[in-house]
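Per full-length UniProt numbering, the sequence shown starts with residue 1, numbered consecutively.
Everything labelled a hint here was simulated from the structure, so no lab data went into it.
Some clues are possibly wrong.
Stated by the list, open to error - Taking lysine-lysine and the BS3-like style, the derived pairs with C-alpha atoms no more than 30 Å apart in a straight line are:
(1) Lys227 x Lys247
(2) Lys241 x Lys219
(3) Lys77 x Lys40
(4) Lys182 x Lys165
(5) Lys169 x Lys219
Note that the structure is predicted; figures quoted are calculated from it, not measured.
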Amino acid sequence: MAVITMIQAQKRAGRYNIFVDGHYAFPVSENVLIDFQLFKGMEIDQALEERLTAADDIAKAYNRALDYLSQQLRTEKEVRTKLASLEIPPETIDATLDRLRELSLVDDAHYAASYVRTMMRTGDKGPRVIHQHLRQKGVPEHPIEDALQLYTAEERFAVGTTVAKKLAKRYQRQAFHTQEQKIRQGLITRGFASDEAKEMVADLALTPDVEQQADLLAKQGEKLWHKYRTRAMSDRRYRTKQALYRKGFALDDIDHWLTTVVGDD
Numbered sequence: 001m002a003v004i005t006m007i008q009a010q011k012r013a014g015r016y017n018i019f020v021d022g023h024y025a026f027p028v029s030e031n032v033l034i035d036f037q038l039f040k041g042m043e044i045d046q047a048l049e050e051r052l053t054a055a056d057d058i059a060k061a062y063n064r065a066l067d068y069l070s071q072q073l074r075t076e077k078e079v080r081t082k083l084a085s086l087e088i089p090p091e092t093i094d095a096t097l098d099r100l101r102e103l104s105l106v107d108d109a110h111y112a113a114s115y116v117r118t119m120m121r122t123g124d125k126g127p128r129v130i131h132q133h134l135r136q137k138g139v140p141e142h143p144i145e146d147a148l149q150l151y152t153a154e155e156r157f158a159v160g161t162t163v164a165k166k167l168a169k170r171y172q173r174q175a176f177h178t179q180e181q182k183i184r185q186g187l188i189t190r191g192f193a194s195d196e197a198k199e200m201v202a203d204l205a206l207t208p209d210v211e212q213q214a215d216l217l218a219k220q221g222e223k224l225w226h227k228y229r230t231r232a233m234s235d236r237r238y239r240t241k242q243a244l245y246r247k248g249f250a251l252d253d254i255d256h257w258l259t260t261v262v263g264d265d
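Produce the entire structure from the sequences given, and follow the hints as far as they go.
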């Protein structure tokens with residue numbers, strides 16, 4: 001039977017070269033060296049050598065995974081994808097992930113809960129968008145649902161109302177009806193439920209600035225009136241009125257403005 005004749009430390013810390021019967025055979029990590037209690041004079045057969053090589057492959061993959069995980073929390077899917085990109089065999093990846101799970105270094109439930117807490121504290125997203133993000137990261141459905149329990153109705157309302165206030169400032173130069181619609185749609189796009197978005201907008205208690213709305217209507221109306229200048233008067237009036245209504249202005253206000261521009265029909 002073959003015998004280990006020398007164990008030589010590499011220049012790279014934590015790595016060793018194994019010599020069998022006076023010839024270089026294979027490298028191992030320090031963990032493998034310790035786990036298998038390798039020593040000079042130890043007998044080694046082909047089966048043991050294959051086990052050592054497989055264990056070393058896992059050790060190398062494990063260290064690559066640790067490097068990747070040191071940057072930030074990762075899901076199991078992200079770690080698997082990263083190791084696959086390094087051309088590590090699937091069976092080695094499976095074994096590496098088993099070890100990472102045992103040491104709680106990858107934990108999708110923990111990742112999901114941490115992400116939800118972060119979004120509650122610093123984000124502007126509702127449950128639906130958070131759910132989509134976690135699914136894209138490969139987190140299974142059950143951990144996602146558990147994590148979203150942390151995002152209570154009170155927390156959602158607090159986050160959503162803050163978002164609604166920012167949107168109100170963004171759209172303050174819009175027709176009042178359009179402003180409300182865009183705020184509500186912005187909340188829905190960010191993942192809040194439609195009924196919650198409606199409540200958040202209502203909580204703002206927005207009221208139109210009469211003078212500002214009149215100025216906005218006049219400016220946009222003048223542009224449209226000029227746009228349709230080649231039309232017959234009745235058609236010009238109809239098209240201008242229709243366009244202003246689509247922009248969110250009230251019909252009474254539109255009629256009043258048109259009266260000041262072209263008079264009564």
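Against the structure, the hints:
| no. | hint | in the structure |
| --- | --- | --- |
| 1 | Lys227 x Lys247 | 15 Å, holds |
| 2 | Lys241 x Lys219 | 13 Å, holds |
| 3 | Lys77 x Lys40 | 41 Å, violated |
| 4 | Lys182 x Lys165 | 12 Å, holds |
| 5 | Lys169 x Lys219 | 20 Å, holds |
The structure is inconsistent with hint 3 alone, although it conforms to all the rest.
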